[in-house]
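Each chain is listed here by its residues.
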Amino acid sequence: MYDVVDYVLNTTFNLGAAGWVVSLISYLMIATVLFLVAPLQMLFLTYYERRLIARMQDRVGPNRVGPEGMFQPVADAVKMFTKEDIIPAAADKWVHLLAPLVVVAPTMFMFAVLPWGPGMTPIDMHIGLLFFFAVSSISAVGLMMAGWASYNKFSLLGAMRAVAQMVSYEIPAMLSLLAIVMITGSLSIVDIVQWQGGLFISSSDVAGVPNWGLGWFVFNPVGFLAFAAFFIAALAEGERTPFDIPEADSEIVAGYMTEYSGMKFGLFFLAQYVLNFLLCAITAVIFFGAWQGPGVNELYALGITPDNPDGNGWFNVLAGVLGAFYFLFKTYAFFFVMVWIRGAFPRLRVDQLMDFGWKYLIPLTLVNVFSAAIWVGFNNWGANEGFGFAEPLGDLGRWAVAFVLTLAINIAAYIVMTRIYGETRRVTFDEQLADTAGLPS
Amino acid sequence: MELLIQIIFFLLAALILGAGVMVVAVRNIIHSALWLIGSFFGVGALYLLLEAEFLAVVQVLVYVGAVSILILFAIMLTRDVSGQGERLLFQRWWLALLVAITLFAAVITPTLLAQSWNVVPPTGPIEPGQPTGIAGALELGRGFVHEFLLHFEIAGVLLLVALIGAIVIAFEERNRRRKVLTLAEEHELRKRREQTSDANASESALSAPGHPISQSE
Amino acid sequence: MTIQFERGKVVVIDRGARKLRVGQGMLKGMAVVWHHWLKSFQKLDNFSKTAGVFTVEYPDERIKLPEAYRNMPILLYDDETGQELCTACFQCQRVCPPQVIHINQARNPETGKAIPAAAEFIIEYDACMSCGFCAEVCPFDSIKMDHEFELSTEDHAELTMNKAQLSRPVSYYERIAPTFWAEVKASAYKKLQNSVKRRVDLIGIAPQMVEKVKAMRAAAAESEATEAAPSSAPTKPSAAETSPATDKAAKLAAIRAANAAKQDAGNGGTSTPEAPAGDDKAAKLAAIRAANAAKKAAESGEGSASVAPAAPEAPAGDDKAARLAAIRAANAAKKAKDEQENS
Amino acid sequence: MINAVPLEWVLTVSAALFCIGLFGALSRRNMVGILMGVELMLNSVNINLVAFWRYLEPRFITGQTFALFVITVAAAEAAVGLAMIIAIYRNWATVNADDVDSMKG
Amino acid sequence: MIKTEELQINIGPQHPSTHGVFRMLVTVDGETIVDLVPVFGYLHRNHEQIAEVNTYLQNMPYTDRLDYFNSMANNQAYAMVVEKLVGIEVPERAEYLRVLMVELTRILNHAGALGFLINDMGAWQTPLAFGMREREKILDLFEMASGARMMCNYFRFGGVVRDLPPAFMPLLKDLLVALPAFFDEFERLLCENEILLQRSEGVGVLPKDLAISYSVTGPVLRASGIPYDIRKAEPYSIYDRFDFDVPVGSVGDVYDRFLVRVEEMRQSLRIIEQVLEQLPDAEGDHINPKAKQNVRPPVGDAYARIESPKGELGFYLVSDGSEKPYRYKVRAPSFINLTPLGDMCRGYKVADVVVILGSIDIVMGEVDR
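Protein sequences, first through last, are from chains A, B, C, D and E.
Residue 189 in numbering that gives the first Met the number 0 is what sits at position 190 of the first sequence, and the numbering runs on without skipping anything.
Residue 186 in numbering that gives the first Met the number 0 is what sits at position 187 of the second sequence, and the numbering runs on without skipping anything.
Residue 53 in numbering that gives the first Met the number 0 is what sits at position 54 of the third sequence, and the numbering runs on without skipping anything.
Residue 29 in numbering that gives the first Met the number 0 is what sits at position 30 of the fourth sequence, and the numbering runs on without skipping anything.
Residue 229 in numbering that gives the first Met the number 0 is what sits at position 230 of the fifth sequence, and the numbering runs on without skipping anything.
Think of the hints as simulated: they come from the structure by calculation, not from any bench.
Where hints are given, some of them may not hold.
[To be verified] In the SDA-like style, the derived pairs of lysine to any residue whose C-alpha atoms are separated by at most 25 Å in a straight line are:
# : chain 1 : residue 1 : chain 2 : residue 2
1 : C       : Lys-38    : A       : Thr-45
2 : E       : Lys-323   : E       : Val-38
3 : C       : Lys-48    : E       : Leu-163
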């Protein structure tokens, strides 16, 4: 983007703009595009979800407005805009007003580090992953504000639940990403994506694997367990079934959104769907190689890159389109899974949710961090770090040993943990009564 | 470029200080906490301006994402937050003000007048093994497992101790907690009491005569 | 524990308590949903299927309603002659659980004798509970249950249906319930023939058929006249003029009756319901009640100077109800006068 | 940054924030308010550390490391402090520092 | 948790999961329920008093409106009590038709009730949609036979209003193919689901002897382990001619109630299959031709009860010899099963309230009458 703006300003119009003006303009343009993309994603996702879940329930879903109901979300948005904005008399007016903004703004920030295609990352921060999660944690403040300012018991209860849930599930999410970060040795999202070239085996682990763009993390045991744990945590972060407790309509009406109407409610809705999109996207990025896929790397190699400054620009476009297609396809596939889960499961109770996060997911991800260390040891370390004994196995052999070891550890951990957790959860009636034995009568 | 940075700096300074003043001046403790979050955010942005990206992100993650949430939780769990009809400050708040202003004067005078801070970053030939440029996350990570390993471990232990300590302090002992008996538990207890007093009357109602269902075991 | 009954036994449900649960139950559930998603591109067109879209996209496609379907009651009349099957036997009015059927028996304007036809027949659709008793008990197969269910309206009072709105031709019912009608067709028509014999003039003709029947009769008369003699031609216009003339007379009579009722109100006569303006339903009900009262007074015939027929003050803007009430009141008043004179 | 804004400015902001925090910690009755004042002070310290690191020793990580430790300590302090406030509230039903004047629970 | 003040929350009367206009005044300590007071009467329609100004026949469509989910069962109970009072014989075929309709009603009621229960647990409509799909089919059959989907008004004193139309049987046979598949699928979807287990195991336990003293009936009682089913205990109509089992639970929690209902649907299916085997072919024998509909029972009283899908549904009538009942009383299972709700919820979490309420399976039309 910088190059294009620079070319237009300084070469075509010969304005002689300073470097920072050029970068400001180019960043603003990118930001505008992303800012427009976010609501469109929300509009599309609501439609997509409603049609999908309807099909899962043997229904048809909205199909009246526009072809196949395509404009249903637009109609909903218009309705949302034109509704009366209600502020409860006892509410804290300013906080009530600010809360939706505080919730929406971070989700917009998070777009800054998403890689849409090769060379199409808005900002390649070297701490991109950390940025993503740091920013996502801000919206918890907004939820708290919304719940408190509404002056409603249901709102406050919902906000407390939402915040407790978000804060709790950030830990397993971070821990499962820690395993990936240990393997790549970088927090940069671009590096993580780059690492996932290969064919079922990453070419970064084993040199000489053909790079078809399929060396995703999910294909190794560490990555798979991390993926499962992360996706579950993402469901909780995005308040999706079975963790949609903060807005459990059968219990606390609509949680922190109870006292919101019209556009402010629309903003919450926007934030939620955009967050869901982002969580699906980041899952696709970290575990499924974002834009990686057959053909993208080859096309990109022919385009203009830092290594190959005199390539053909059209190949950049082609690689970008293909990469963005792969990326969005994976993202929507994850959203499909979210909807699928929503279609299949009831929701947990709030104490069960906390138990699940703290007593099951966190230990499991801790074991996975241990596995990741083994993986890194076998694949990346040499004699210097004390892994000289593995050298004679060769790259592939070391990979295989690491694979078998981590697979065994992870499966064992999964079964043992599930058993222990399951036993503690399944308090039979007799045990429940035995628990009363010590009670004062 | 420089002007832009200066403008940004002043805006940030205004945010940090203004929000800080609001933190101590606002009556409603929730508003106070929200202003505190604003101040934290300003500090985080200042870190970004100072090119400490990692610290900026950690600031947001820890302060905005965790500490402020903790504070908000603590406020909501403790009391009515409006603060209406109560004294906001101690009776001798002017003393505190005096101390603060004196300290500020004492610190700032030598800073601005006596010392020349016109420091030039060390340039010159870079020795082999010395880092180049501005240290980032990578160098920090290296540092934590080499140079500052002990410090890092101590920080970890500190956090663990704080975690356990917080739980121990805030934990309500089991027998002090209110236990609401469910119907089944209550019934079981009553049954046991009856059993101890009258060993005979413990059969369930099923075997009572006159039950409509004739049953054979 | 198994308790043996005479046939069958008591089974204690297996809770699967000792099963190892590592998430396979959730996966099973997801598999079911996946199966439904795949199958959702077909239609569930058969009762033996359990998957496939079962939505009926209502305004576009409609389920064929079974013959027995019952929504709201309607009145049948014969297609050709326009004769209504109803004889105002009051069976339906008596059996109706929410009491929403109101019938007014027709009378011969000259003799005052009851005619087997309903002068007015009102059903309050808004309170009807669609139980179908009226159709069941009707001995003349006149009242039947309709299949029309799109009755929603913004105006509550629109759901009070009078005879004109209730009447449907027999062919309509034959179309929606062919076998049901085939069973009763013969007896229904036989009974209709009997009651038609006792009807006079246009009484007993479905309101929407009145003009047609009139035209038909006029045509018949004309053809008769042309056949018989040209001298009887001047009778035609007078016949055509009768209806506005009687209307006017009726209105006059109604006004007179109302005045009389007002005067007699103090004498312990039937009370005069004062309907608020604009309340159609109430007006109609009041009209019917007043007419009934008048009828009763006329029938009892016991020197009813004190029991003057009461006419409602018809609200402005409700022509139909007002006119109906007026006619009825006028008839009753006339009758009462006659009887008074006789006694 | 270092060319546009002199170090003194940053230090002034830091000192001012420290004094605001100090005033809050000394004067507010509400214990949560006191804790918030302390958090402000810790933040100002961090600004100082990062500023010195950036202006004086950008190639080494000592300043940032120190700041990170301060954040760690702050987080620990917040957790323990708030736990104490909750425990106190449970026993005294107050969060005003001057009402809590007994050493016995 | 931290010691907090008790908080009072109103769940209802307008609330998505109170199954109508029903209010629960919940006192909570944190998330734990200390006290729960059910408040009802928002849907009171004076049913019993209206019945005393109506004739006996006119009450028949009003009974449809009691428990609008299973009007056929209500009709049967009312028809039975009047027949008992007057002494009307019911032809054989009519009895079979009645049993067929009531067992279909049981399936549709349980399919709907389980769907709503899982909905209250937070599933987004899928089990409900599946249950409703089968319910639709059964309602189509009802419509074909009686003319209405829900307010069937199909029963008359001495039989049923009309015989089955010719198109009925083929569709019913198709449905009998679908139903076992539906039950299996429903079980696969939910019965082993770990989340459902967590939400329902050990929740809302109603111990055996308390269930008896609370006088609850139906699946709620059977889930507590009492094998009490009026169809077995006091076989009315022709229920002594069918083989079917009575499923009982062992603990009495929400999970048991769920499983008992699933199993009862299977048993109802068994009964329907036997009905189809045994159904006599006599055309026009759907109603006793001698039975008058505008009855004038002799002076006296009668009580008749059936095992409705929700429990014991009884009608008590006192006749003074006129054409209208002198006294008319409904023993509504929903109402009596609702009485232990407050005690059952005590000690559980707020989120469990709606689940326990859903597992009792109430219809407010019957509770408030």
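Problem - Proposed proximity, E/Val-38 with E/Lys-323 (alpha carbon, max 25 Å) - result: Answer violated: E/Lys-323 to E/Val-38 is near 32 Å, above 25 Å.
task: Given the hint that C/Lys-48 pairs with E/Leu-163, test it: the Cα-Cα distance must not exceed 25 Å.
output: holds (23 Å)
- Item | Pair hint C/Lys-38 and A/Thr-45, alpha-carbon separation not exceeding 25 Å | Distance ~22 Å between C/Lys-38 and A/Thr-45 Cα, so the pair holds.
Going down the numbered hints, you'll see the structure goes against just number 2.
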